[in-house]
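Work the whole structure out from these sequences, hints included.
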Amino acid sequence: MQRVTLVVWSDYLCPWCYNASVRLHRVEQEFAPQLRVEWRSYLLRPNPGHTRDAARFRAYTRSWRRPAAEPDGGTFSEWSGDAPPPSHSVPAHRVAKAAAQVSDGAFRRMHDRLLRAYFSENRDISDDVTLRGLWLEVGLSPADFERREEPLILEHILGEHAAALEAGATGVPAVQLVGNDAVIVGAQPLELYRRWITRSLERGT
Numbered sequence: 072m073q074r075v076t077l078v079v080w081s082d083y084l085c086p087w088c089y090n091a092s093v094r095l096h097r098v099e100q101e102f103a104p105q106l107r108v109e110w111r112s113y114l115l116r117p118n119p120g121h122t123r124d125a126a127r128f129r130a131y132t133r134s135w136r137r138p139a140a141e142p143d144g145g146t147f148s149e150w151s152g153d154a155p156p157p158s159h160s161v162p163a164h165r166v167a168k169a170a171a172q173v174s175d176g177a178f179r180r181m182h183d184r185l186l187r188a189y190f191s192e193n194r195d196i197s198d199d200v201t202l203r204g205l206w207l208e209v210g211l212s213p214a215d216f217e218r219r220e221e222p223l224i225l226e227h228i229l230g231e232h233a234a235a236l237e238a239g240a241t242g243v244p245a246v247q248l249v250g251n252d253a254v255i256v257g258a259q260p261l262e263l264y265r266r267w268i269t270r271s272l273e274r275g276t
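Quick note: to get the working numbering, add 71 to the position in the sequence shown (first position is 1).
Careful, some of the hints might be misleading.
As the list claims (entries may be wrong) - The following label-pair restraints were derived from C-beta to C-beta distances:
#, residue 1, residue 2, range
1, Asp153, Gln73, 17 to 27 Å
2, Gln172, Gln73, 22 to 32 Å
3, Arg270, Tyr131, 36 to 46 Å
4, His96, Arg137, 18 to 28 Å
5, Val256, Arg136, 20 to 30 Å
6, Ala140, Leu223, 39 to 49 Å
If you're looking for bench data, these hints aren't it; they were derived computationally from the structure. Being a predicted model, the structure only gives us computed values, none of them experimental. Cβ atoms here follow ideal geometry from the backbone N, Cα and C, with glycine treated the same way.
Here you go:
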């Protein structure tokens, strides 16, 4: 049976990555078991830096209206309430990688939960208490949550980000078909993903 693998670089603070995730998950289900999607880390905010102004951040989230208006995407809610904006990208990626060490299914649940928590529920996914709560919500062991602090996980995240830059990923989401050097940047329409996979399977590449 012919199979194809997509490598997808993504960041949990990227609204367009949320749309791409929803669409690619749907395509993965439609083409299973011939399609595998491998999610890799890209860091839009690699370091905490200075604390972001809450009012300016709430104004920024109004830009989520654009991805929210697209079909076949995620559910977005402009930021409200008292939760501060996430400080940086790394904590969410640490938790996702820790879940991946448990199982592919655990990663999928955690991946989806992180995106929904941030974009739909206005939760700070750089906050350790919030992340622990999300971890438990998707049915993972409290003991396994400690894996997120393993040095190898951070090395893995940074290595994936470096590989994205080397591959020519100038932004996210960035998708590359294994065996093809081209990197497609941006959340593509659902139908385009379908056509891409169909043609790849037909060509055997």
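Quiz item: What hint numbers does the structure not satisfy?
Solution: Per hint list: single violation, 1.
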